[in-house]
Each structure stands twice: as C-alpha cells, then as structure tokens.
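Make a model of the complete structure from these sequences and hints.
Protein chains in written order, with the working numbering: chain F, 1 to 114; chain D, 115 to 225.
Read the hints as simulated data drawn from the structure, not as lab findings.
Derived CB-CB ranges, DEER-like:
#1 D:208 <-> F:77: 21 to 29 Å
#2 D:166 <-> F:60: 21 to 29 Å
#3 F:54 <-> D:143: 17 to 25 Å
Computed footprint of chain D on chain F, listed as stretches where at least three residues anywhere in the stretch have a Cβ under 8 Å from a Cβ of chain D:
#4 32 to 45
#5 100 to 109
Quick reminder that beta carbons are idealized off the backbone N, C-alpha and C, glycines included.
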Amino acid sequence: DAGVTQSPTHLIKTRGQQVTLRCSPKSGHDTVSWYQQALGQGPQFIFQYYEEEERQRGNFPDRFSGHQFPNYSSELNVNALLLGDSALYLCASSWGGTGGYEQYFGPGTRLTVT
Amino acid sequence: GENVEQHPSTLSVQEGDSAVIKCTYSDSASNYFPWYKQELGKGPQLIIDIRSNVGEKKDQRIAVTLNKTAKHFSLHITETQPEDSAVYFCAASKGTYKYIFGTGTRLKVLA
Numbered sequence: 001d002a003g004v005t006q007s008p009t010h011l012i013k014t015r016g017q018q019v020t021l022r023c024s025p026k027s028g029h030d031t032v033s034w035y036q037q038a039l040g041q042g043p044q045f046i047f048q049y050y051e052e053e054e055r056q057r058g059n060f061p062d063r064f065s066g067h068q069f070p071n072y073s074s075e076l077n078v079n080a081l082l083l084g085d086s087a088l089y090l091c092a093s094s095w096g097g098t099g100g101y102e103q104y105f106g107p108g109t110r111l112t113v114t
Numbered sequence: 115g116e117n118v119e120q121h122p123s124t125l126s127v128q129e130g131d132s133a134v135i136k137c138t139y140s141d142s143a144s145n146y147f148p149w150y151k152q153e154l155g156k157g158p159q160l161i162i163d164i165r166s167n168v169g170e171k172k173d174q175r176i177a178v179t180l181n182k183t184a185k186h187f188s189l190h191i192t193e194t195q196p197e198d199s200a201v202y203f204c205a206a207s208k209g210t211y212k213y214i215f216g217t218g219t220r221l222k223v224l225a
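Rendered as structure tokens:
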C-alpha cells in the first residue's frame, strides 16, 4: 500500500516565478491538507481539500491556491514567489468522514526561492 | 488565537532513560492530539495519538497523557534508544480539520 507521495522532491525557483507542487494521497483517503514548514519550525496549515472543494484555509495570502482532482490527488500553486516562501511543503492525507482524524504526511517538497 | 506551546525545545537523555515532552493548547474545543516524529529530510510520521474522551494511551514504549481541564498533554518515551533521536511535534485539532502544531522538541539519545 503506497503512502502519501509528493513531487518534485526539490525545486529551485527565482523570485516572482510561479510553482506547482503535487500530492497523491494514501489509498483510501479522500482529503488532502497542505502545510508549510520553515526551517526549525512546526508545520503551518495552508488549506485543506475535500470533495474537490477548499474546506478550510489558514492564514496564507491568495498567492497560495490549490486544487483537488476527482482521483483525490491535489496541487498546490504559489504565484509571485517571495524569498520567504522558501520552505518544506508537506502534504497530508486523511479520510474526510466522521472520525477520520489521523493525517498521514508525505516526504515533502523542498522549495528554495533565490 | 489558536496556539500550541511545546517544551522543551531540546532534550538530551542517556540511552535507557525516559523522555517526557509537554504541550499546552489554547482552544478548549480541540478534541484530537497527535504526536509526530520527524527525522532529517523526511516528513512527519504519526507515532501515537489521543482523543479527548481518553486520559491516557500506551503503545509499547510510548505513552500519551491528556489533562483536558489544564489543556495539557504529554508524550512519554521509556527505555530510550539511539533510533529515538529525532524532532518530535505535538499537534491539536478539532476533528477532521486543520492541525495546530507545536514548535518541536529535538530529542538526542546518547549512547
């Protein structure tokens, strides 16, 4: 049973550019959450997708957007990149039904903005 | 606002000793408290969790306790081994929604 997968592993972009990160959830999961983890910090919640809709959003600007596909995979898009967007981006999958509290994380995508 | 405080930020123990990490949450509506272990270059791995209707949960060398009145929860690792060395994060959530994470504890187990 494959766990949560993310691509790419690493990415280097220039300020002002746009980036797309991808996530495939664990088998049987229908909900995807995205987190940003700065170096030495705990993950910060960006948003969560369930049934192809953004169900909840954290304190991140509109430059951060996402999408969930019918197969439950998800993308995170960041526009107009800033140096401060450099971080590890984590995807977590879970079951969106009643009692589906556990979130399982992927290995992350390391984004460096220069 | 919603907040989770975690202490200590670093913890060094001798192999075989116990380690305790403590967290405090601010939102009394939180009802689920997971703990994650993160090794260098990897994503967080769920190691144990507890729901608000339970006061304590144990899984082999790892246990978690919850005090809802004080809004405290703790991770206890007994008989520590070198492979327990990692960064540990606590989190709080209201069911299926976002997690609020603590700032992490770097645990070093000295052989």
